[in-house]
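These protein sequence lines are chains A and B, in that order.
Numbering-wise (the numbering used here), the first sequence opens with residue 166 and increments by one.
Numbering-wise (the numbering used here), the second sequence opens with residue 752 and increments by one.
Some hints could be false.
[Unchecked claim] What follows is a list of derived Cβ distance ranges for each label pair:
(1) A/SER378 x B/GLY1470: 54 to 62 angstroms
(2) A/ASP260 x B/TRP812: 43 to 51 angstroms
(3) A/ALA288 x B/ASP803: 28 to 36 angstroms
(4) A/LYS237 x B/ASP803: 27 to 35 angstroms
(5) A/GLN267 x B/ARG789: 25 to 33 angstroms
(6) A/ARG333 x B/GLN1421: 53 to 61 angstroms
(7) A/GLN267 x B/ARG799: 24 to 32 angstroms
(8) B/LEU779 x A/SER220: 35 to 43 angstroms
(9) A/ASP260 x B/ASP803: 33 to 41 angstroms
(10) A/ALA228 x B/ARG789: 13 to 21 angstroms
(11) B/ARG1418 x A/SER220: 48 to 56 angstroms
(12) A/LYS237 x B/ARG799: 43 to 51 angstroms
[As the list claims (entries may be wrong)] Below, a sample of chain B positions facing chain A; criterion: calculated Cβ distance under 10 angstroms:
(13) GLU1028
(14) GLU1032
(15) SER1384
To be clear, the hints were calculated from the coordinates, so they are not data collected in a lab.
Built from N, CA and C at the ideal position, the CB exists for glycine as well.
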Amino acid sequence: MIDWRRSARADDRYVRENEWQAAQSVQFWVDTSTSMLFASQGVSKHQRAATLALSVAILLSNAGEKVGSSDKLLPAKSGRAQISALAHLFNRTPDHDFGSPQADDLKPHSIAVFVSDFFGDFAELERSVTAAADQQVYGALLMVLDPQEVSFPFSGRTLFESMSGDLRHESQKADGLRAKYLSVLHDRQVALASLAQSVGWQFHCHTTDQLASSGLMWLYQALEYRR
Amino acid sequence: MNVFGVLGFTTPWLLLGLLAVPILWMLLRAVPPAPTRRRFGGVALLLRLTDDDLQADKTPWWILLLRALVVVSLIVGLSGPVLNPIAMADKTSDLLIVMEGSWADAPDWAAQKEEALRVAQQAATYGRKVAFLQLTAPSGAVVFSAASLAQKQIQTAEPKAWRPTAGALELIAGLGDFDSYWMASELDWPGHAELVTELLAHGQVVVSPSKTSSIGLLPITVLARGIEVHAIRLQAGKPWQIRVDLIGLDPSGIERSLQTIGLAFEVDELRVSQVVELPQEMRNRISRVILTGHRSASAVRLADDRIKRPEIAILSGKIAGREGLTLLSSDHYLTQALSPVADLIGGTLEDVLLANPDMIVLADMAQIGAKAALEDWVTQGGTLIRFAGPRLAAASFNSQEDNPLLPVRLRAGGRTVGGAMSWGAPKTLQAFEVHTPFYGLPTPDEVRVTAQVLAEPGPNLAAHVIARLNDGTPLVTRKLLGQGQVVLFHVTANTDWSNLPISGLFVSMLERLSVIGFSGSFEQQVLTDNTWQLVQVLDAFGSLKNVGDRAGVKGEFLALEGVTSETPAGVYQADDRRWARNILKQDSVFTATSWPTAVQLVGQVAPRSKALGAWFLVAALTLLAVDILVALSISGKLRGGPIVALACVVMVGLSAEDLAAQTAQDRAIQATRDVVLAYVKTGDVAQDEISHAGLTGLSLALNQRTSIEPVSPMGISLGSNELAFYPLLYWPITLGQNRPNVDELRKLNRYIKGGGMILFDTRDSEIALFGKSTKEGRLLQEIAAGLNLPPISPILQDHVLTRSFYLLQEFPGRSARGTIWVEAPQSSEHAIEGMPFRNLNDGVTPVVIGGNDWAAAWAVDKAGQPLLPIGRGMSGERQREIALRFGINLIMHVLTGNYKSDQVHVPELLKRLGE
């Protein structure tokens, strides 16, 4: 809008930009599938994911933003009660091995945070992310992995079972598989990174043996940055 | 035993198990190791991946090899492999082990016994029955039985000091078939060949000859200037140096080697001699001659009376200077007759009596200077031989009195026969009677007596006569005087009155008489005439043993028999004569045995057979352990913790000594970081523990009650630890302690000078009453003698120790009796008026000495409870409390000096003391 008062003082026309300060909605999705329960030592991935998500939610809520979940279960609201509701939500009982984000109730121009190990179906994840990006949602993908999943320190004849026991893979020589597994993991990470870049989101991989505070730092800064 | 070259097996059929190994191989190869189950979050990513190596579900070949090796080692180990098995035919017949067991086997007797035991053991493993026969001591019948019995017999077998006899022949004649294993020496003995043929008739004979070369000593020749030693050996071919020791009593009565000489065999010499010049006294003292280094009876030569020669003194009162009349002199013939058999000495009578000879010959001496001394000498066992002559005849004897130095009373005058003025012809000698010492000597006709002195007839005359002329006139008379005797020849010692001195009879008579006076040389006759009793026996190893009462052996028997079990080698005694029988005679030679070709000789240096079974089993176990580790690593379980733990265990095991030794620096840091009380390690483990516990208890009490907070005490050894870190050194005195050496004393002195205090605790105040010094007290004095201690005195009632923390009047420990000694006051101070104490010592007493055993009173166990009982009941506990208070006072005194002697405390002390 033309700012007539200012423009009158000079010859040019000045335009006034107004900002409307409104609380940002940040919608979280933490993967609660059984694969997140894997913990080789220390905390499990789910615990770390939930810790990071809740910490950011607390920070945001203290700053006055609205936090909620990305599916229809908890619409974004401000207040302390929302945090405990989020905490309850993050502790749902897992029902299947790998999950993908539910991005049903994303408000446009809000922020989405997906914290998971992203071992699930990539196509579904891509669909959710692009659907969210179509709604002008800015987001961050935080991949939480276990150090064993990153280094694959196994050898010998091994029978791998998933956390719920449904999936199985037998290997005669696990150290021979290492290179292949690591390359598959790397491909997945590259795919995630390119997906995030393509929609303007942030992506980061965090392992549970790193300090949680470093993951939190990244997550907080990722939410600050909007292109 | 199956023998495959150098390796033999005791149970070879077990080796069939080796056939199963390939089957095992196939089986193991087909069964792979079980997989590990893992929960993994990223299984989704793994789903599409496949393994490279599709064959990996079979066991790798090197694991199979390892396991096959385990099985092979086990099988081989259990089948009892033996390296270098003894090459004896695998028979099952009986075995007779024969050992000669004579002095020729004594040097390597142990090796022979070991070999015999080994052979018996080997026979036992085949189930053969074994018997043992020792040729020098055949014990009853030969019975074939279990090898253990034979082994027991072999263990207790000892060599004997005689050669084998053929007596064993009849023992084995009646037995059935058996094989023989004979451990033989290299020397031949009569009956050897017969025994060999007899044994060959019963079965196979294997002979293991001994490997030590025999050597022996022949009889010693006695020369005028010493002795001559002869040695012989069996085999020539190498030069050989040997040492011969002459053993005898030294002047102080201890038996030791009087002289050592060396003999050398040249390359092809079998016999060697060496003359040893010895003074006559040393020669008389020799009891035996031995070859050093050769433990056999043939290397020992026992000496008897034959080696000794009597000492005879000949005195004749001859005037010196009349050399031209040698043949007329009295002692010429005496000297010629006696010098081969005796050592002659001369001089004046007094000198001769000092030399104490065995016999004194006085040739025509009427005036005797030292009558009493001579009489004493005769009474103590000397033989006095007197010859008559003109002087004796002319001497005025009272024919009514007995002269102690003449055997009979003499008539004045004499008689001459066969001269111009007499009737009759010169007389010859009558045959000697039985009771005389001359019995058995022939009386030749040419011995004529022309003049002699006559004996006074009397009732006792016949008893004294030992030689007569053919008309009955006494020629030689004898009287026993005490333990000795006096003999008078009624003729001269030269040819004036008779031709006896130039006859051989004279020599024999004098020899016989010298034998009486001294049991020295004798002839074969003496040997056969007497019955001899064995007093010392020579065993096969060459050592002499005294034997108790054994039956006497007749002399003829002894002369005829060689060295046997009834007449063994050793020293025989008859009356007061000693005669030694030795192994080798004058004409002995060593002859080597020869064996017929049917006999199989084994070298004793055959390689020892070794059982290898144990090694194979150990190898199997090790490989099994390796296999376990390999299996673990294959299935991925061997990582991280267990590896580190294993490596740690191995490293700790290897370097335990490094870990155990605390470095000096660590110790110094520990000692100086806090207050540490120290005790001297006495070496007695119990006392060191009590010291430690005591100082721990004291440290606990100090921690609880005062501001001093010591940590746990340290034991120090004076030689190796630094003392300067510790304020107090508790030193319990035990009897087994080492006294401190010079360096340690220096360290202690430096410590004391630098302000340290040593608490000496002799722990004996319960028994050291009334100033009696105990062993601990003496030890303390010895230790304290090396230290620079100030003068000490008993503790005084106003010493600062009585008030340095608690107010105390007594200083008990486990006992309450002893007095405490501290540094004496410098000067006799007088108490300043108004002060309850004197200002005595400026510094701290460097030493406190007592015997109350304080460590036992202070001692606590790990829970802090008192360790040792003190006294009884409540009074004991009170005593313990006072002992702790004394300890606290002591430490306070050490650390704070005479602080409580300061005037500032006086009002408080006065108030406390006034209560």
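*Using the beta carbons of A/ARG333 and B/GLN1421, state whether their distance is inside 53 to 61 angstroms or not.*
With a Cβ separation near 59 angstroms, A/ARG333 and B/GLN1421 satisfy 53 to 61 angstroms, so the hint holds.
*So the hint says 24 to 32 angstroms: do the beta-carbon atoms of A/GLN267 and B/ARG799 match that?*
The hinted range 24 to 32 angstroms holds for A/GLN267 and B/ARG799, with Cβ atoms some 26 angstroms apart.
*asked:* Holds or violated: the 28 to 36 angstroms window for the beta-carbon distance between A/ALA288 and B/ASP803?
replied: Cβ of A/ALA288 to Cβ of B/ASP803: about 29 angstroms, so the range 28 to 36 angstroms holds.
*Close enough to count: is the Cβ of B/SER1384 nearer than 10 angstroms to one in chain A?*
Since chain A brings a Cβ to about 8 angstroms from B/SER1384, closer than 10 angstroms, the hint holds.
*Just tell me: holds or violated, for the beta carbon distance of B/LEU779 and A/SER220 against 35 to 43 angstroms?*
56 angstroms, violated
_Taking the Cβ atom of A/GLN267 and the Cβ atom of B/ARG789, is their distance within the range 25 to 33 angstroms?_
Since the Cβ atoms of A/GLN267 and B/ARG789 sit about 31 angstroms apart, the hinted range of 25 to 33 angstroms holds.
*Could one say that the CB atoms of A/ASP260 and B/TRP812 fall in the range 43 to 51 angstroms?*
48 angstroms, holds
*Double-check B/GLU1028 for me: the hint is only fine if its C-beta lies closer than 10 angstroms to a C-beta in chain A.*
93 angstroms, violated
*Do the beta carbons of A/SER378 and B/GLY1470 sit within 54 to 62 angstroms of each other?*
At 59 angstroms between Cβs, range holds.
_Cβ distance range 48 to 56 angstroms for B/ARG1418 and A/SER220, holds or violated_ = 52 angstroms, holds
*asked:* Given the hint of 27 to 35 angstroms, is the C-beta distance from A/LYS237 to B/ASP803 inside that range or not?
replied: 48 angstroms, violated
*Status of the given 13 to 21 angstroms range, CB of B/ARG789 versus CB of A/ALA228*: 43 angstroms, violated
Checked against the numbered hints given earlier, the structure breaks hints 4, 8, 10, 12, 13 and 14 and satisfies all the rest.
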